[in-house]
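In order, the protein sequence lines correspond to chains A and B.
The working numbering applies: residue 1474 is where the first sequence begins, and numbers increase by one.
The working numbering applies: residue 542 is where the second sequence begins, and numbers increase by one.
By construction, these hints were calculated from the structure, which means they are not laboratory data.
All clues stand as given, with none of them false.
Chain B is faced by these chain A residues, among others (derived, beta-carbon under 8 Å):
{"#": "1", "residue": "I1509"}
{"#": "2", "residue": "A1520"}
{"#": "3", "residue": "D1563"}
{"#": "4", "residue": "P1636"}
{"#": "5", "residue": "V1637"}
{"#": "6", "residue": "S1640"}
{"#": "7", "residue": "V1743"}
{"#": "8", "residue": "N1747"}
Yeah, the Cβ is synthetic: ideal placement off N, Cα and C, and Gly gets one too.
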Amino acid sequence: MLKFALKRLLLAIPTLWAVLTIVFVLIRIVPGDPTIVILGDQASEQARADLREKLGLAKSIFSQYIDFMWQIAHGDLGRSLATNRPIMSDVLSVLPYTLELTLASLIVGTVIGVPLGVLAAEKRDGFADWFARVFSLAGLSFPAFVSGILLLIVFSLKLRWFPVISSANLVDPIERLRALVLPALNLGLLMVAYVTRVTRSGMLKALGEDYIRTARSKGLPSRIVVWRHAFRNALVPVVTVVGLYLGVLIGNAVLTEIVFNRPGIGKLIVTALNQRDYTLLQGLMVVTAFAVVLANILTDLTYGLVDPRVKTE
Amino acid sequence: MKRHVIAAAGFLLATLASPAIVPALADTVLNIGMAAADIGQIDPHRATTTQDKPVVSWICNGLVRFKPGSASLEQLEPDLATSWDKSADGKTWVFHLRQGVKFHGDWGELTADDVVYSLKRASDPKTSSFSSDYAVIDSIEAVDPLTVKIVLKKPIPSLLGLVANYHGGNVISKKAAEALGADFRTKPVGTGPFMIAEYKSNESLTLVANKAYFRGVPKTDKIVYRFIPADASRDLAFLSGELDIVYGGQDQRWVDRMAKEPNVKVEVVTPAELSILHLNETMKPLDDIRVRQAIAYAIDRKQLAAFKGAATAIPAVSVVPTGYLGTDETAKLFPYDPAKAKDLLKEAGYANGVVVKSIQTSLPTMLTAAQVVQSQLKKVGIDLQLEVVDHQSYHAQIRKDMSGATYYSAARFPVADVYLRQFYYSPSIVGKPTAVVNFSHCAVADTEIEAASVEVDAAKQKELWKTAQQKIIDDVCAVPLYEQLQVWASKTNVDFGYDFKAAIHLGPVITELTTKH
Chain A
1474 MLKFALKRLL
1484 LAIPTLWAVL
1494 TIVFVLIRIV
1504 PGDPTIVILG
1514 DQASEQARAD
1524 LREKLGLAKS
1534 IFSQYIDFMW
1544 QIAHGDLGRS
1554 LATNRPIMSD
1564 VLSVLPYTLE
1574 LTLASLIVGT
1584 VIGVPLGVLA
1594 AEKRDGFADW
1604 FARVFSLAGL
1614 SFPAFVSGIL
1624 LLIVFSLKLR
1634 WFPVISSANL
1644 VDPIERLRAL
1654 VLPALNLGLL
1664 MVAYVTRVTR
1674 SGMLKALGED
1684 YIRTARSKGL
1694 PSRIVVWRHA
1704 FRNALVPVVT
1714 VVGLYLGVLI
1724 GNAVLTEIVF
1734 NRPGIGKLIV
1744 TALNQRDYTL
1754 LQGLMVVTAF
1764 AVVLANILTD
1774 LTYGLVDPRV
1784 KTE
Chain B
542 MKRHVIAAAG
552 FLLATLASPA
562 IVPALADTVL
572 NIGMAAADIG
582 QIDPHRATTT
592 QDKPVVSWIC
602 NGLVRFKPGS
612 ASLEQLEPDL
622 ATSWDKSADG
632 KTWVFHLRQG
642 VKFHGDWGEL
652 TADDVVYSLK
662 RASDPKTSSF
672 SSDYAVIDSI
682 EAVDPLTVKI
692 VLKKPIPSLL
702 GLVANYHGGN
712 VISKKAAEAL
722 GADFRTKPVG
732 TGPFMIAEYK
742 SNESLTLVAN
752 KAYFRGVPKT
762 DKIVYRFIPA
772 DASRDLAFLS
782 GELDIVYGGQ
792 DQRWVDRMAK
802 EPNVKVEVVT
812 PAELSILHLN
822 ETMKPLDDIR
832 VRQAIAYAID
842 RKQLAAFKGA
852 ATAIPAVSVV
862 PTGYLGTDET
872 AKLFPYDPAK
882 AKDLLKEAGY
892 ANGVVVKSIQ
902 TSLPTMLTAA
912 QVVQSQLKKV
922 GIDLQLEVVD
932 HQSYHAQIRK
942 DMSGATYYSA
952 ARFPVADVYL
962 RQFYYSPSIV
972 GKPTAVVNFS
982 HCAVADTEIE
992 AASVEVDAAK
1002 QKELWKTAQQ
1012 KIIDDVCAVP
1022 LYEQLQVWAS
1032 KTNVDFGYDF
1042 KAAIHLGPVI
1052 TELTTKH
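Given only the sequences and the hints, what does the whole structure look like? Please build it.
Below, the structure written as structure tokens:
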């Protein structure tokens, strides 16, 4: 098990290197100039050139690349071009909010999605199935900013149950949890859609197997047949989706964080992009890439736990 | 078991959904919502964006100040200086400072040294974005702790404007700036009614009242300035009562919608941002003046203003925004005459139409207006090809002289000189080391612009500016389009303490009198 984990980690290194290189190149392909943001639109060309020099943007792309890789290798993300603050501390200060949102959405997605999928497969073409299909289609087709605004209009503006500005009070734990409900629902619903579909199809396949017929003919109660026999066998694809979704959620958190005014990695990415803050953007991409790779490794490790047939050696 | 889970979940939801406990109503807190993801630069000598400038106006004073609610240089009033004298030649100015003014926190009392330091800092390109405005200053010195003497290289249109509470005129604490170093950019220290208490990046900036403010203890205890980039969320937060004042952008539909809400007051304020189509005189086919004239004749300013909305936009009057010191409010612009435009094109050899390239921002408020211009030009056979890129790329590319027709909106310090110098003066042509925003390569009014800046006689100076504007219009360096007013909304219980008609700082000034009833 340990050996397997180590091997996976080692394999992650070339992946990360490739991702970092792509990030570095992509960011520099995007046209734009951070000096306009920093100096304002009335500054002279001379002042801009001086600033570019100072920020190290005047160096050749290749030496910027070497500097970048050298820094990352030393666990240093550098300083933000726009604010000059260390990027690591900026990222660490918002990371808990993104993790909190991602985990909450993951729970929402799994807790609603899995039972809905099982129910849909069990009562195939019945009401539950129809509902699950419509619901997941709706979930897939609603962009997060539309569903987010709808949630806000209903629950914050009309019913006044939850705040519009999620970041208004993050010190009080109850308030913080209250502010998490709508964003987690919004982000989680997207995942419910996928999880429901995967669970449903996995369950349909499992329920058609011979051993299910055997179990049923033994006279086992339906609940045991469905959950203990069929569901365990349908779990691997579900775990895959949930695991992959950890990465997707971090990416999708951007929209949800903006609509609900939550601090987080996503919101920081947008700020960095708008300000052409290359170093901050790079730092954020690095952190996100690490998170996705880590999520994938965790998923691989979970397979072994869920299904003993998957060998980790 | 199932039932317990449901009951527990229900209880949890009920607890979470119950309205928050209202804190004791001891403090007056103003919640202000801004359309930005974060502050840009709140160092007073660096702040240029819409989200930054209002903050500086709450923190800092100048030697003189714009009367709250006014954006006119004609209505400047004493601020940190109680009085001033100027020499007969207009070159030497002596300011007498107010006694006993304290900086925020423990940064001590204001002296002439701080004023000298601030103005020198504003003149230095390494520390200021406005240094070129101050290049005219020859020397600044502290005569005694309460007297500052400024000597100019030449007399200028409005020295008081340079020492007002605006851009480089904001006075900061020398001790604080030196001690805080790089941190000063997020913790500027001034003498104003509010001081920075807490900055949460990407979230909010909290300011608290400066109890030692020289005009009296502010009636508002705290300002929470929230960065809410999503328009819909910002509006919802305002309507749900989580914000007291909200930035409305420049949108007529927004004005109409908000005006219908109960307890909401919509304010449409000056100064206007002038939108102009700059025509690159060095690029084909715009190097032919007949093509440029055709564009000028083909544009219907009234239709553009109507498109942007009757309450929020007005047709442009000149190549300088209306209301500035020196704007020619009766400049002879090209009338809307599509037939004439077609004739001119034919004359220039483009009877079958002509293509003009334009790099255009994807920012919706600017893009939609550019599309109206595009359709107006299409009617006479000019194909304005918009190459739409994101806003930052647009800013970068137009400065590399890549655009034929450049649609640009801007407000500047309200003196014609600044606008003329940045947009139509040859040293400001894009690509030059001294470049600012002269996208058209306009150089027809250099003589008048230079002469006006040293002219002592106010009437003669205005005459020179007027000539300059007419020359620029006639050469069609640029076609003025429309002027866009700014929109804010506040809850009716917010009392600014003055009539909020104008916002030179691009947002409401929160003074010691501003409060919530």
